[in-house]
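**Q** These are the residues of each chain, in order.
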Amino acid sequence: MMLARGDYHSFSADGAPHVYLVPSAAVFRLDATSAAVLEVLQEGDVDATVMTERLADRFPRLLVEETVDELLAAQAIRKVAAPVIAPRAEGPRKRIPLTTLVMNVTSKCNLSCKYCYEYGEDRISEPATKPRFMSEETARQSVDFMMSESGSSPSVHLTFFGGETLLNFKVLQYALSYARQRGAELGKSVDASLTTNATLLRDDIIDWMVDENVGVTVSMDGDREQQDKLRVFANGKGSYDVIIPRVKELLRRHTRRPIGARVTLTRDNLEVTDIYRHLKEELGFWEVGFAPVTTKWQRDYAIADDGFEYMLGGFNALAADYLQTSLAGRHHGFSNVRDTLEEIHRGVAKAYPCGAGLGLLGVATDGDVALCHRFAGSDTHKLGSVTKGIDHELQNDYLRKHHIDNKTDCHTCWARSLCAGGCYHEAHTRYGSTEQPNLHYCDWIRRWSATCLEVYATLAARRPEFLRQFDS
Amino acid sequence: MRHLKAINRKARHIAELHDAPDVVALQNIGPRLPEGPHIPLGCSFVFSPGWEVDSTGSTAGLCQPVERDLYDCYITCFWPIHVPDLYNHAPDWTAKCAAAQQDWRKIDLIFP
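Line by line, the protein sequences give chains A and B.
Start counting the first sequence at 64; every next residue gets the next number (our numbering).
Start counting the second sequence at 37; every next residue gets the next number (our numbering).
The hints are simulated quantities; they were obtained by calculation from the structure and are not laboratory data.
A quick note: this is a predicted structure, and the numbers were derived from the prediction, not measured.
It is possible that part of the hints are untrue.
Computed, partial: chain B to chain A, Cβ under 10 Å [to be verified]:
| # | residue |
| --- | --- |
| 1 | Ala-47 |
| 2 | His-49 |
| 3 | Ile-50 |
Even for Gly, the Cβ is constructed at its ideal location relative to N, Cα and C.
From just these sequences and the hints, can you work out the full model?
**A** Structure below.
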């Protein structure tokens with residue numbers, strides 16, 4: 064029986080060898096025998112009897128045979144003669160209910176951030192042909208659409224997005240109160256959240272957020288210097304001084320839910336640790352999430368190759384900090400690590416990079432439904448409308464085309480179960496097609512996934528109770 | 037599993053499946069037989085009786101085309117593959133058959 068190496072990523076954590084298996088997304092800690100078997104197979108395919116002979120001076124034959132059995136069961140190794148299962152790109156066997164609806168209540172914004180995908184040079188929607196604000200009627204229809212498409216799901220999530228959401232606060236308020244009323248009638252709980260640039264936060268709005276238990280994410284790039292580089296008003300003036308008193312007031316009063324900051328990283332804004340310290344420790348955000356700007360590579364704010372390297376250095380340093388803080392039993396707010404840990408813990412093996420077009424859809428101001436909020440308003444990515452419902456034929460076609468099995472470039476990558484090719488919008492902006500995997504950050508993703516796996520396995524060994532938060 | 041420690045949820049599922057006593061696990065009890073070489077299926081590869089001689093060495097019990105039609109011989113082995121040993125025993129078996137569509141009647145039976 065000829066044995067070959069399976070598909071996995073090996074790494075070391077807590078002084079022990081581990082493997083992350085692909086495509087199952089299982090994480091195993093190896094003992095000395097299993098590590099030795101995998102090491103032999105690193106050099107090439109080996110017959111099982113040769114394997115026991117080669118390890119005979121270190122491990123008894125029976126022990127090696129038992130280990131080979133277990134490694135075969137886990138698919139860390141495979142029999143050469145066994146047929147290789149061809150990828151099939153099967154869509155979901157049953158329809159996935161809609162659980163999250165992102166409502167773009169307006170496409171208008173009072174800031175003119177240069178990198179904005181809604182407004183900036185790389186925008187895809189066509190604001191000129193669409194209303195700038197969602198009407199109450201469309202909001203009501205959107206809620207009805209969500210309730211009917213959510214099937215038997217006991218809870219639904221409504222996310223407000225823009226533009227600047229608070230420019231259309233009235234409709235936003237109306238949509239949530241109507242959703243809560245419909246939810247009560249249908250026996251569904253309605254959770255709500257919104258993203259804002261914080262420029263328009265007023266006391267009465269904060270009161271409403273607290274009363275309605277609305278989750279809030281503030282788009283913000285760091286301290287004054289970092290924020291004012293690109294997050295500017297139309298006249299070029301920075302927004303930091305305008306938002307700080309409002310953010311502080313929000314964080315002081317809205318204590319029912321953890322408030323997060325969402326940072327866009329650009330070529331000139333890559334000091335991840337400094338940004339984190341300012342937002343978490345000085346301002347008091349519960350968590351901070353970072354995302355590299357989505358843009359064509361030609362833009363002067365696009366992160367270049369060495370920038371990705373630098374950013375990864377910052378991410379790794381902050382991840383190390385996350386690990387130490389968590390081991391000490393305290394909360395750390397680096398949400399990028401937290402999100403990945405949760406996926407690793409559950410053993411998520413993704414066929415699609417995100418829920419867009421599956422359990423999540425975006426609604427444009429006119430009621431057109433698209434893959435997600437980033438595509439809302441784009442006619443080429445439309446999947447239906449709130450009045451006519453989802454075009455399931457279009458949706459199935461989309462799911463078939465975007466399945467990981469159809470992304471040939473990803474087939475040899477060990478991180479595919481975590482990444483699945485990456486953001487559709489990023490791919491659309493870079494390559495002009497949502498079907499393309501985001502090859503410009505593969506290496507970055509693999510190294511970041513490796514870091515998160517090390518953090519995860521170290522926590523599993525030294526503070527397993529930390530991981531229980533992901534069990535629910 | 038004794039040599040792999042399941043760390044995440046998916047790994048625990050795999051370990052549980054492996055440790056559960058099922059039919060495959062029962063088959064694993066007892067001395068393990070070494071796996072033989074991989075042999076493609078079909079009698080023309082393994083020279084089993086059936087085409088030139090039957091199991092007694094005579095021609096009385098040869099497989100009949102109808103048997104292959106109805107039952108298949110071994111998975112996908114169909115009657116036309118049952119040809120004599122063209123290398124050793126009947127090298128000129130098809131000598132008179134230039135085009136099978138026209139000349140198939142000229143292919144005669146082979147006797148040992």
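**Q** What hint numbers does the structure not satisfy?
**A** Per hint list: zero violations.
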